[in-house]
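J.: If you want the building blocks of each chain, they are given just below.
Protein chains: 2
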Amino acid sequence: MIRVHRFILWMSRTSSLSGCMKQEHGCSIIIAEAALELVPRNLRNHQAVRAHAARLGRNPEETFLDRSYHHAAMKADPSLLKHGRPDIVHLSLAAVMSSPLYLNNQIKVYVSTIDSNSIIIGEGIRFPKSYSRFDGLMADLFEKKRIKNRNGTEVLLELKEGETFNQLIDQTVRPRQVLGFSTTGVTSTFEKVVSNALSSNTLSCAFVVGGFPRGHFSRTTTGKFTGLYNISKMGLEAHVVVARLIYECEKILCDE
Amino acid sequence: MIRVHRFILWMSRTSSLSGCMKQEHGCSIIIAEAALELVPRNLRNHQAVRAHAARLGRNPEETFLDRSYHHAAMKADPSLLKHGRPDIVHLSLAAVMSSPLYLNNQIKVYVSTIDSNSIIIGEGIRFPKSYSRFDGLMADLFEKKRIKNRNGTEVLLELKEGETFNQLIDQTVRPRQVLGFSTTGVTSTFEKVVSNALSSNTLSCAFVVGGFPRGHFSRTTTGKFTGLYNISKMGLEAHVVVARLIYECEKILCDE
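Residue numbers (this note's numbering), protein chains in the order written: chain A, 11 to 266; chain B, 11 to 266.
In case anyone wonders, no lab produced these hints; they're calculated from the structure.
Hints are not guaranteed to be accurate.
If several chains are the same, the list does not tell them apart, and a pair holds so long as it fits within one copy or across any two.
[What the hints assert, rightly or not] Once the Cα atoms are required to be at most 27 angstroms apart in a straight line, the calculated BS3-like pairs of lysine-lysine come out as:
1. K202 x K243
2. K170 x K85
3. K85 x K155
4. K243 x K261
5. K234 x K92
6. K261 x K202
7. K243 x K170
For clarity, every value in this text was computed on a predicted model and none was experimentally measured.
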């Protein structure tokens, strides 16, 4: 049984920002290879996992792998270095979904998880800032696959199980440009990347930010990129990249 | 007894950003009237508070007031509308303390709580992104008043109990300019405010962002401001304001 914390999720009632440009095709942010996944089968009997699940009032298979609690279960497996950081997704989504650009439906947001699930996020949703509410909401989504509004007339969040990053790009987002950010990319600045992307004839552009704690994008992911940029002398955390991207997009798409 | 989650807090080993300007006086960010406080005495016996404290393995007086868990205890008291949102402080500090500007010791960070405590945050600390670790760290700080590094040679975090916002400004931060952000301020942009503040002869400037969920700064707080700016058509959440401020400061203080 999943015990879900009460969470706030409603369609925004914010008034439209008349200063924002109407977009024909729109731009998107994708948190890719995101370290948000249910505890894998081989770790579910570990004491650290069972103890954490018990504290949440859930079964181990209904909890998210989280290095803050499951380090003892994860430390022996070097293949898990990019895994177990749901807080990265929470901070990144908070950065997007608190922005005027998102609340005015000027940017779409997707999460592509490291174990190949896609999360489609509806427009203008006020997202839970409290981590425990976010955790409860994600647990609810992974159980039900869809979260609807109160009237049941609109899908606010959808989990597409088994949908890879490539499938998300080709079948759902379908952008003209796919621009990734990584310290392995071409040196540039947020201003230049966003300005070039949004000033082209088509505004259909997906910005891809890594939702994992260390390492780089896999070749499968970078294979879809039309550009890869390094925008800081230091490696930046995902939520910092997202916040700066959104802000630069707003400068172009919304007059100040 | 306080059960503190294991947390990561260490002095940053990031290499210096040679592109950052050396500052004579430095600039600061203050999260003011921050909704981070221990559960007040009159609410400690409420069932919602006791149940949440039990889940954390703490006594009620060792837990932070949090509307996510304590709404039932808080809803009858309209004076608590600005209270009980420690997640605002967590998101705001994550936005500052993940930035190259902070990690390179180019900006100082303070929290002034709504019940008049000051938190002095050391330089170049890697702060816990996981909320539960942040919560454990703050509980530890409120119990011990000081958190030192592993060698015990340096104070990383300090709680000054009973130090008001005015005292924090006058005795600890001592900036030449105190610039607040609020929808009641003069319309401007982040670029203009930061550019004007940092281009003056003195770089000694404190940016003040409200760490509460609704309402405005108190008159006591605004009484210390030398400028009050409205930088968005929509009210922005604290972590969004902080992220944009830091980014604009970096553009001036660090070459790209």
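J.: Flag every earlier hint the structure violates by its number, smallest first.
T.: 2, 3, 7
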